[in-house]
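*Asks:* Following the hints, put chain B in place on chain D, whose structure we already have.
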Amino acid sequence: AQTVTQSQPEMSVQEAETVTLSCTYDTSESDYYLFWYKQPPSRQMILVIRQEAYKQQNATENRFSVNFQKAAKSFSLKISDSQLGDAAMYFCAYRSAYSGSGGGADGLTFGKGTHLIIQP
Amino acid sequence: NAGVMQNPRHLVRRRGQEARLRCSPMKGHSHVYWYRQLPEEGLKFMVYLQKENIIDESGMPKERFSAEFPKEGPSILRIQQVVRGDSAAYFCASSPSDGNTEAFFGQGTRLTVV
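If you read the protein sequences in the order shown, they are chains D and B.
So the first sequence is residues 1 to 120, counted in my numbering.
So the second sequence is residues 121 to 234, counted in my numbering.
These are computed hints drawn from the structure, not numbers from a lab.
Backbone N, C-alpha and C fix where the C-beta goes; we use that ideal spot for every residue, glycine too.
Where hints are given, some of them may not hold.
Below are the BS3-like pairs computed for lysine-lysine, each with C-alpha atoms no more than 27 Å apart in a straight line [stated by the list, open to error]:
1) D:LYS112 <-> B:LYS164
2) B:LYS164 <-> D:LYS78
3) D:LYS112 <-> B:LYS191
4) D:LYS73 <-> B:LYS182
5) B:LYS182 <-> B:LYS147
6) D:LYS70 <-> D:LYS112
7) B:LYS164 <-> B:LYS182
8) D:LYS55 <-> D:LYS70
9) B:LYS164 <-> D:LYS70
Between beta-carbon pairs, the in silico distance windows are [to be verified]:
10) D:SER7 <-> B:SER186: 35 to 41 Å
11) B:VAL203 <-> D:THR3: 25 to 31 Å
12) D:GLU17 <-> B:GLU160: 45 to 51 Å
13) D:GLU52 <-> B:GLU138: 28 to 34 Å
14) D:THR27 <-> B:PRO216: 41 to 47 Å
15) D:PRO40 <-> B:GLU222: 15 to 21 Å
16) B:VAL203 <-> D:GLN56: 44 to 50 Å
17) B:GLY136 <-> D:ARG63: 47 to 53 Å
18) B:ARG135 <-> D:THR3: 29 to 35 Å
19) D:PRO120 <-> B:GLU160: 50 to 56 Å
20) B:ARG198 <-> D:PRO120: 41 to 47 Å
21) D:ALA16 <-> B:SER207: 36 to 42 Å
Here are some chain B residues the structure puts well away from chain D; computed CB gaps all over 10 Å [to be verified]:
22) MET125
23) ASN127
24) VAL132
25) ARG140
26) LYS147
27) SER150
28) LYS164
29) MET166
30) GLU172
31) PHE185
32) LYS191
33) GLN227
Pulled out of the complex, with its shape left as it was, chain D reads as follows (with noise of 0.2 Å):
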């Protein structure tokens, strides 16, 4: 089974700057996706990014980018000019390529998530 794992319960960062958020998982899988999810106080599970194992180039959306590391099994996910409202849960998530094959590989695995806080 796959596991995700974030060592940062909470990181705290002042408006303007740049954070880091961490996030390592195991699988003896070749192929897979990983995610990072925003998870507002509103509840909303809202994507922020995706990256395809396959694929060596880093994803970027705007402000938000990773660094995939597939040998380390590592997928951190760089915020920069940090804003108010990026202030939320953040969690790395990781699901199988290989759908259909039951035990939850159709299903996102999920870390604990990393409470974030912008200091204005």
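*Replies:* Chain B alone, transformed into the frame defined by chain D:
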């Protein structure tokens, strides 16, 4: 195109009662996933359904929990004889197909068992 709709947003049940949580996927989506989020935890996969079929229920507790996604109408997560430990936020996500397509989440139902 409305997003994934879950209702109710909040549900309070007494121990021993039944809880029914509803999820209407996005238009054109035929794949539904249910997750449970306990306090201070990430979401945990429960079940994956397609229309009229349960594809993967490996994350569902063996007793008291059931899910369906009928040909017409919303997907239902049913919890019978609720206990305090069932108190959690339950999220539904939908996608148009399997594979590498993104799943879109609803806002969740917060179940409180008193």
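*Asks:* At 10 Å, judged by beta carbons, does B:ARG140 keep clear of chain D as stated?
*Replies:* B:ARG140 is indeed farther than 10 Å from all Cβ atoms of chain D, at 19 Å.
*Asks:* Given the hint that D:LYS112 pairs with B:LYS191, test it: the Cα-Cα distance must not exceed 27 Å.
*Replies:* Measuring from Cα to Cα gives roughly 35 Å; hence the hint is violated.
*Asks:* Can the restraint linking B:LYS182 and B:LYS147 be considered satisfied, given a maximum Cα separation of 27 Å?
*Replies:* violated (31 Å)
*Asks:* Measuring from beta carbon to beta carbon, are D:PRO120 and B:GLU160 in 50 to 56 Å?
*Replies:* Since the Cβ atoms of D:PRO120 and B:GLU160 sit about 25 Å apart, the hinted range of 50 to 56 Å is violated.
*Asks:* Using the Cβ atoms, figure out if D:THR27 sits within 41 to 47 Å of B:PRO216.
*Replies:* violated (25 Å)
*Asks:* Would B:GLN227 pass as off the interface with chain D, using Cβ distances and a cut of 10 Å?
*Replies:* violated (5 Å)
*Asks:* With 10 Å as the threshold, tell me whether B:ASN127 passes as away from chain D on beta-carbon distances.
*Replies:* Correct as stated: the minimum Cβ-Cβ distance to chain D is 14 Å, above 10 Å.
*Asks:* At 10 Å, judged by beta carbons, does B:MET125 keep clear of chain D as stated?
*Replies:* B:MET125 is indeed farther than 10 Å from all Cβ atoms of chain D, at 12 Å.
*Asks:* For the pair B:ARG198 and D:PRO120, does the Cβ-Cβ distance stay inside 41 to 47 Å?
*Replies:* Because 45 Å falls inside the window, the suggested range holds.
*Asks:* Test the statement that B:PHE185 is away from the interface with chain D: the closest C-beta pair must be farther apart than 10 Å.
*Replies:* holds (15 Å)
*Asks:* Please verify whether D:LYS55 and D:LYS70 have alpha carbons no more than 27 Å apart.
*Replies:* holds (10 Å)
*Asks:* Could you let me know if the closest chain D CB is still more than 10 Å away from the CB of B:LYS191?
*Replies:* holds (20 Å)
Checked against the numbered hints above, the structure breaks hints 3, 4, 5, 12, 13, 14, 19, 28, 29, 33 and satisfies the rest.
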